[in-house]
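S.K.: Now for the letters of each chain:
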Amino acid sequence: MINNIPQSKAILSVVDLTKNFGDLHVLKGISNTFYEGEVVSIIGPSGSGKSTLIRCLNHIEEPTSGQIIFEGVEITNPSTDINAVRRDMGMVFQNFGLFPHLTALENIMLAPRKVKKQSRDEAKNKALKLLERVGLSDKAENYPEQLSGGQQQRVAIARSLAMQPKVLLFDEPTSALDPEMVREVLDVMMGLAKDGMTMIVVSHEINFIRQASSRVLVLVDGEIIEDGPSEQVIESPSHPRTKEFLGKLL
Amino acid sequence: MRASSRKWLHKYSSTLITGICILLFLVYLAFFSGADWSLFREQFLNFEKMEGRYYIFISPLLLVVKISIYSCFFATFIGLCLAVLRSYKIKFFDVTITAYVILFRSIPAMVLVVLVYFALPFVGLNLPSTNSVIMSLSLLFGAYTTEIFRSGINSVEKLQIEASKSLGMNSIQAMYHVILPQAMRVVIPPLTTVLIDVLKTTSIAYVVGVPELIARARQMEGVIGSVTPLIFVSVLYFLIILPVVILSSRLEKRSRKWSNS
Ligand SMILES: Nc1ncnc2c1ncn2[C@@H]1O[C@H](COP(=O)(O)OP(=O)(O)OP(=O)(O)O)[C@@H](O)[C@H]1O
Ligand SMILES: [Mg+2]
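Which chain is which? The protein sequence lines are A and B, in order.
Each residue of the first sequence is one higher than the one before, starting from 0 at the first, in numbering that gives the first Met the number 0.
Each residue of the second sequence is one higher than the one before, starting from 0 at the first, in numbering that gives the first Met the number 0.
Everything labelled a hint here was simulated from the structure, so no lab data went into it.
Be careful, since some hints might not be right.
[What the hints assert, rightly or not] Where chain A lies over chain B, by a calculated footprint (3+ residues, C-beta under 8 angstroms): (1) 148 to 162; (2) 168 to 176.
[Stated by the list, open to error] Calculated lysine to aspartate or glutamate pairs in the EDC-like style (CA-CA distance at most 16 angstroms, straight line): (3) Lys125(A) to Glu105(A); (4) Lys27(A) to Glu243(A); (5) Lys256(B) to Glu144(A); (6) Lys256(B) to Glu140(A); (7) Lys256(B) to Glu230(A).
Quick caveat: nothing in here was measured; it's all calculated off a predicted structure.
The C-beta atom is built at its ideal place from N, Cα and C for all residues, glycine as well.
Let's have the full structure, built from the sequences with the hints guiding it.
M.R.: In structure tokens form, the structure reads like this:
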């Protein structure tokens, strides 16, 4: 286990979070605390509310009730400047979400320049370093359309990292990729985990969970039915629904 | 050199073919159709009679250019602002902007120009005739550009907004740096059509007595007894419209750099 540091500081807390879409109760009272340096995987069947949960964490989806506290700031409080909070929370999407009208380099530079008001040179230098880190130094001038899915997702990760976030949220970052490209994205993610990045990852990549993730949350029908160290949840799950779900996965 | 000229030929082949067809048609008309061309020339292409009168078109031309530039600018500006406002989905803006679009798309241009010029003084707003034309055209065509910008903004997928937000951008930054540049690709062709319409509709300025090109041409037509001035004015309009067309295809080419769809 790389990141088993249970004594470290809490960075993100969720208290009794619910989310309804009309009559549909998608999240039914989620509570959990995420610690600095943790890599937490969220698994669960389709439609169980994984995306909704992770999107509530940076308030892209507005929760119906409950609290989310990030570094002592209650994001769910309407008077909180949510844009300022989001600077410190990166998010990586299933379908990448790169800006198609900007090159890989410009994609990475945009937020640091406009949000953090970095100078062009500063932002560019940092962006080039990040591209190197995700192994795409030669693609700086390419537009997203000219990149493979795996390359796009690596640029998207670099783009999030450029804001120097304190936590990175991933929503199924590899499930839109062809199988041969999954590895290159997971390698980047495992590198981040090794460097101590706090990560919350919705993913069913069992290799990632085994090798990089310290904790697994099992979400079924909008409730966390199991929460424990990765090995324990995967090898000897306590809840029958977890067993059933893992049986299909492995 | 060889390669570039071949490329040129390839690029303009459709224009070239159209041109050749028109030329052949004209040759047919002139030599084989048996029409009386001297009469036609006297009626439509009697430039001898126009000699010494071209100066008359200078000030109307400048006036039309001025009205065109202002109207195009304000029509685009109105459309952009209202479409951006609508994108925030605030009930009040939604209702008022929709009402504006429906209303101004159904008013005939001439009616609006007359109303603005003759009716607004009753509520204390006395606009010079040129300005009332600019205002009318801006409001009228602003309704069209609002819809054009709106569909452009809607064409950008939601994920782009979510990605911008999750990087800490506020909604103005997301709109300016992410949404609008992508919307432009969809917006430019229909916007060009509308702006060309604005230019051509400037001719209704005559109803409030603005000495514009068509009115002047028709006057001269009576004096010299030939339609030639109207033909001449059409050429002037073509020259006014040309820069708009060139600019628009430039902009379109730029957006094709990042997308070949
Ligand atoms: N914007 C929305 N409006 C209405 N219903 C929604 C919306 N977003 C999600 N839902 C519903 O909420 C439920 C949970 O969706 P969610 O995307 O969170 O599931 P998930 O666990 O991420 O599933 P998957 O593994 O397929 O990605 C689903 O029933 C979905 O149809
Ligand atoms: Mg999902």
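S.K.: Each of the hints needs a verdict: does it hold here or not?
M.R.: Structure-based check of all given hints:
1. 148 to 162: The restraint on the region 148 to 162 of chain B holds, since 4 of its residues have a Cβ under 8 angstroms from chain A and three suffice.
2. 168 to 176: It holds: at least three residues are needed, and the region 168 to 176 of chain B offers 4 whose Cβ sits within less than 8 angstroms of chain A.
3. Lys125(A) to Glu105(A): Roughly 12 angstroms between the alpha carbons, so the hint for lysine 125(A) and glutamate 105(A) holds.
4. Lys27(A) to Glu243(A): Given that 16 angstroms is the threshold and the Cα spacing comes to 21 angstroms, the pair is violated.
5. Lys256(B) to Glu144(A): holds, 10 angstroms
6. Lys256(B) to Glu140(A): Satisfied, since the Cα-Cα distance of roughly 12 angstroms is no more than 16 angstroms.
7. Lys256(B) to Glu230(A): The given pair, whose Cα atoms are some 49 angstroms apart, is violated under the 16 angstroms limit.
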